[in-house]
Amino acid sequence: MAVAPMDTIAPAPQPSRHAAPAGGNRRAKINGHLLRLPFYLLALTMIAPFYWLLITVFKPPRELARTPPSFVPQAPTVANFYDAEWTPKGVNPGHLAGIFQRYQVDLGFWRFMLNSLVITTAITVGSLLICSLAAYVISKHDIKGRRTIFLLIIASMMVPWQTTLIPNYVIMRNLGWLDSYAAYVVPALAKAFVLFFLVQFLQSLPNELIQAARVDGAGEWRIWWKIVLPLLRPALAAMSIFIVLAEWNNFLWPLIIVQSDEMANIPVALARLNSYYVGPDHQGAIMAGGLLASVPTIVFFVIFQKYFTRGIALSGLKG
Numbered sequence: 003m004a005v006a007p008m009d010t011i012a013p014a015p016q017p018s019r020h021a022a023p024a025g026g027n028r029r030a031k032i033n034g035h036l037l038r039l040p041f042y043l044l045a046l047t048m049i050a051p052f053y054w055l056l057i058t059v060f061k062p063p064r065e066l067a068r069t070p071p072s073f074v075p076q077a078p079t080v081a082n083f084y085d086a087e088w089t090p091k092g093v094n095p096g097h098l099a100g101i102f103q104r105y106q107v108d109l110g111f112w113r114f115m116l117n118s119l120v121i122t123t124a125i126t127v128g129s130l131l132i133c134s135l136a137a138y139v140i141s142k143h144d145i146k147g148r149r150t151i152f153l154l155i156i157a158s159m160m161v162p163w164q165t166t167l168i169p170n171y172v173i174m175r176n177l178g179w180l181d182s183y184a185a186y187v188v189p190a191l192a193k194a195f196v197l198f199f200l201v202q203f204l205q206s207l208p209n210e211l212i213q214a215a216r217v218d219g220a221g222e223w224r225i226w227w228k229i230v231l232p233l234l235r236p237a238l239a240a241m242s243i244f245i246v247l248a249e250w251n252n253f254l255w256p257l258i259i260v261q262s263d264e265m266a267n268i269p270v271a272l273a274r275l276n277s278y279y280v281g282p283d284h285q286g287a288i289m290a291g292g293l294l295a296s297v298p299t300i301v302f303f304v305i306f307q308k309y310f311t312r313g314i315a316l317s318g319l320k321g
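First residue of the sequence shown: 3, per our numbering; consecutive thereafter.
Do not take every clue at face value.
What the hints assert, rightly or not - Capping the alpha-carbon separation at 30 Å, the derived lysine-lysine pairs in DSBU-like fashion look like this:
{"no.": "1", "residue 1": "Lys146", "residue 2": "Lys228"}
{"no.": "2", "residue 1": "Lys308", "residue 2": "Lys142"}
{"no.": "3", "residue 1": "Lys91", "residue 2": "Lys146"}
{"no.": "4", "residue 1": "Lys142", "residue 2": "Lys31"}
{"no.": "5", "residue 1": "Lys31", "residue 2": "Lys308"}
Claimed, not checked - Listed next, with one range per pair, are the computed distances between beta-carbon atoms:
{"no.": "6", "residue 1": "Pro232", "residue 2": "Thr299", "range": "23 to 31 Å"}
{"no.": "7", "residue 1": "Arg235", "residue 2": "Pro71", "range": "43 to 51 Å"}
{"no.": "8", "residue 1": "Phe195", "residue 2": "Thr299", "range": "16 to 24 Å"}
{"no.": "9", "residue 1": "Pro71", "residue 2": "Phe195", "range": "38 to 46 Å"}
{"no.": "10", "residue 1": "Met48", "residue 2": "Asp144", "range": "44 to 52 Å"}
{"no.": "11", "residue 1": "Trp227", "residue 2": "Met48", "range": "36 to 44 Å"}
{"no.": "12", "residue 1": "Arg29", "residue 2": "Asn276", "range": "44 to 52 Å"}
{"no.": "13", "residue 1": "Leu231", "residue 2": "Leu43", "range": "39 to 47 Å"}
These aren't lab readings, by the way, just hints derived from the structure by calculation. Positions of the beta carbon are idealized from the N, C-alpha and C atoms, including for glycine.
Can you build the whole structure from these sequences, using the hints too?
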């Protein structure tokens, strides 16, 4: 029987000293999940109301009034958006008006979506332009008293915004702007937090870039438009998320200044639809309106999420 030479026999593989045992990896994964358990619970508390909104939208009126409630629609329907069998005289009691049939204004529910879109866009664009210009002046210009001005603006964030409701209402009434887009937009353009954020962002940018543009003969308006605004793009995108979400969901101020249904935004329109006299079988149409109102904000956040995280990371929040 032939014996293989010693130098041709492959040595048995030795276990790596750095390889972690299988049990250790399993314990590390379990510990990781346990550490993330509070985040899972927090996510559940945020997802559960949206899930209830979603299933309520597709429940028929009879199922909405059922006790105990069902967590899955037994007979899914889109009648809460539009019910073709509903009549204003209520001949068929098993059918109720959908969200697109409940408002006697031009364009129906889409009128309020359009109002919210116009108002939110105007406030977002206007406040970002104004705050970016003010941040450029405060952070890159050596003007007398700029630190005092900046501290006064920051101090305004400590004043509860509810204290400005009555003064702002009086101003809007004296100007004749009640029940108009101007009453929505003008008081909301000044945002101290946005200015504070943009100032911190600009302070992290080198002054030599601005000085080089001035040496080349660029004016201050051109520097702001051609240099400062492009550099502020991540910060502006981050701030736009906060402004859009706040203004899209704004309720108290529009409730005070709006007198007609035509000028209502979505929160006011849904609040007027709901009341103590609306039974549980009517909640499907209200939930349908809430679902439609939430779609634009979700889409906006998904699109600008990367700019949001980048803006937060690059800001530095320097003093």
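Hints and how they fare:
1. Lys146 to Lys228: With Cα atoms ~26 Å apart, Lys146 and Lys228 stay inside 30 Å; holds.
2. Lys308 to Lys142: holds, 27 Å
3. Lys91 to Lys146: Violated, at roughly 70 Å.
4. Lys142 to Lys31: Violated, at roughly 49 Å.
5. Lys31 to Lys308: Holds - the C-alpha atoms of Lys308 and Lys31 are around 28 Å apart, at most 30 Å.
6. Pro232 to Thr299: 23 to 31 Å: Given range 23 to 31 Å: holds, Cβ gap about 26 Å.
7. Arg235 to Pro71: 43 to 51 Å: holds, 47 Å
8. Phe195 to Thr299: 16 to 24 Å: Distance hint for Phe195, Thr299 holds at roughly 19 Å.
9. Pro71 to Phe195: 38 to 46 Å: Check passed, 40 Å falls within 38 to 46 Å.
10. Met48 to Asp144: 44 to 52 Å: holds, 46 Å
11. Trp227 to Met48: 36 to 44 Å: The hint (36 to 44 Å, Cβ to Cβ) holds, given that Trp227 and Met48 are roughly 40 Å apart.
12. Arg29 to Asn276: 44 to 52 Å: Since Arg29 and Asn276 have Cβ atoms about 51 Å apart, the given range 44 to 52 Å holds.
13. Leu231 to Leu43: 39 to 47 Å: At 41 Å between Cβs, range holds.
The structure fails to meet hints 3 and 4 from the earlier list, while all remaining hints are met.
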